[in-house]
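Colleague: Hey, can you work out the whole structure from these sequences and the hints?
These protein sequence lines are chains A and B, in that order.
Quick note: to get this note's numbering, add 48 to the position in the first sequence (first position is 1).
Quick note: to get this note's numbering, add 48 to the position in the second sequence (first position is 1).
One should not assume that every hint holds.
Copies of the same chain are indistinguishable here, so a pair counts whether it falls within one copy or spans any two.
[To be verified] No more than 30 Å apart at the CA atoms, straight line, and that leaves these computed lysine-lysine pairs for DSSO-like: (1) LYS168 / LYS68; (2) LYS168 / LYS72; (3) LYS100 / LYS51; (4) LYS154 / LYS72; (5) LYS168 / LYS51; (6) LYS51 / LYS80; (7) LYS154 / LYS115; (8) LYS95 / LYS80; (9) LYS80 / LYS68; (10) LYS95 / LYS72; (11) LYS61 / LYS80.
None of these hints come from the bench; they were simulated from the model.
Protein chains: 2
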Amino acid sequence: MVKNLEHIGIAVKNLESANKLYEKLLGTPHYKVEAVESEHVLTSFFKTGEAKVELLEATSPESAIAKFIEKRGEGIHHIAFEVEDIHAEMQRLESEGFRLLNSEPKRGADNKLVCFIHPKSANGVLVELCQDCTS
Amino acid sequence: MVKNLEHIGIAVKNLESANKLYEKLLGTPHYKVEAVESEHVLTSFFKTGEAKVELLEATSPESAIAKFIEKRGEGIHHIAFEVEDIHAEMQRLESEGFRLLNSEPKRGADNKLVCFIHPKSANGVLVELCQDCTS
Chain A
49 MVKNLEHIGI AVKNLESANK LYEKLLGTPH YKVEAVESEH VLTSFFKTGE AKVELLEATS
109 PESAIAKFIE KRGEGIHHIA FEVEDIHAEM QRLESEGFRL LNSEPKRGAD NKLVCFIHPK
169 SANGVLVELC QDCTS
Chain B
49 MVKNLEHIGI AVKNLESANK LYEKLLGTPH YKVEAVESEH VLTSFFKTGE AKVELLEATS
109 PESAIAKFIE KRGEGIHHIA FEVEDIHAEM QRLESEGFRL LNSEPKRGAD NKLVCFIHPK
169 SANGVLVELC QDCTS
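Modeller: As structure tokens, this is what we get:
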């Protein structure tokens, strides 16, 4: 089972201006910016209780974020749930009939191992599973 | 400022089948179902740590959820942040230039007073502010 809603990911065109806007909206500054080169994204994070808000700007037209914005405009791109053991959870969900977008966990932002579930398996929602690798 | 990410709202066509699917996905059953007649929706809630997952099914074609699904299909409809004092927060955001969708808080699901911010004010994200009225 999942432990908790870890973050929501919002696709934005310009991280700098979105950071300013979300700082005003949430009343709190972003606490870090991180590039995930394998995904061609630049990300920033806001603490909003236990769950975070992650903003994502594409750094290349091949990025999934660039394609998402081209198709649907800016907006919520994914939601992420933290799990204890991502391999076990991927196996459990696959056996339940969920379609996973990667067969092995990959390295995401924020020192996490991540895996995505196809939106067709989850009522149109792109769901990320993530396992913290800090400890 | 906002206190925490309180829930994410997902628009679904059929609450019963979506409940079954999200039970499998999250590994936890929904803990309540609630109708919000003023909004023409039937909702269900899942506990996922501090932040909840709310599924919403339209009970009438006039419902915002019905219109959302017709336009974009099922998917994430809104994200909600808890605030201490919704009137003060609405005033603060309006003075910062955010466009609010209601001028007075209205009664939402889960014993909350709620207000929505226009997606154009928040990089394509429909943001709800909510204040708990339990205590």
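Colleague: Determine for every hint whether it applies to the structure shown.
Modeller: A quick look at each hint next to the structure:
1. When the C-alpha separation of LYS168 and LYS68 is checked against a cutoff of 30 Å, the pair qualifies only between copies, where the shortest distance is 15 Å, while the shortest distance within a copy is 33 Å.
2. For the identical chains of this complex, LYS168 and LYS72 are inter-copy neighbours only, at 15 Å across copies versus 34 Å inside a copy, given an alpha-carbon limit of 30 Å.
3. In this assembly of identical chains, the alpha carbons of LYS100 and LYS51 lie at most 30 Å apart whether taken from the same copy (14 Å) or from different copies (12 Å).
4. Taking the shortest alpha-carbon separations for LYS154 and LYS72, only the inter-copy value of 23 Å comes in at or below 30 Å, while the best intra-copy value is 33 Å.
5. Taking the shortest alpha-carbon separations for LYS168 and LYS51, only the intra-copy value of 22 Å comes in at or below 30 Å, while the best inter-copy value is 32 Å.
6. Taking CA atoms no more than 30 Å apart as the test, LYS51 paired with LYS80 passes in both settings, with 24 Å inside one copy and 19 Å between copies.
7. Only within a single protomer do LYS154 and LYS115 lie at most 30 Å apart by alpha-carbon distance; the minimum there is 20 Å, versus 36 Å between protomers.
8. For the homomeric pair LYS95 and LYS80, the shortest alpha-carbon distances inside one copy (10 Å) and between copies (28 Å) are both at most 30 Å.
9. Taking the closest pair of Cα atoms, LYS80 and LYS68 come within 30 Å of each other only inside a single copy of the chain (13 Å); across copies the shortest separation is 37 Å, beyond that limit.
10. Proximity of LYS95 and LYS72 under a CA criterion of 30 Å is satisfied in both settings, with 13 Å inside one chain copy and 28 Å between copies.
11. Taking the shortest Cα distances, LYS61 and LYS80 sit within 30 Å of each other inside one copy (18 Å), while across copies they are farther apart (37 Å).
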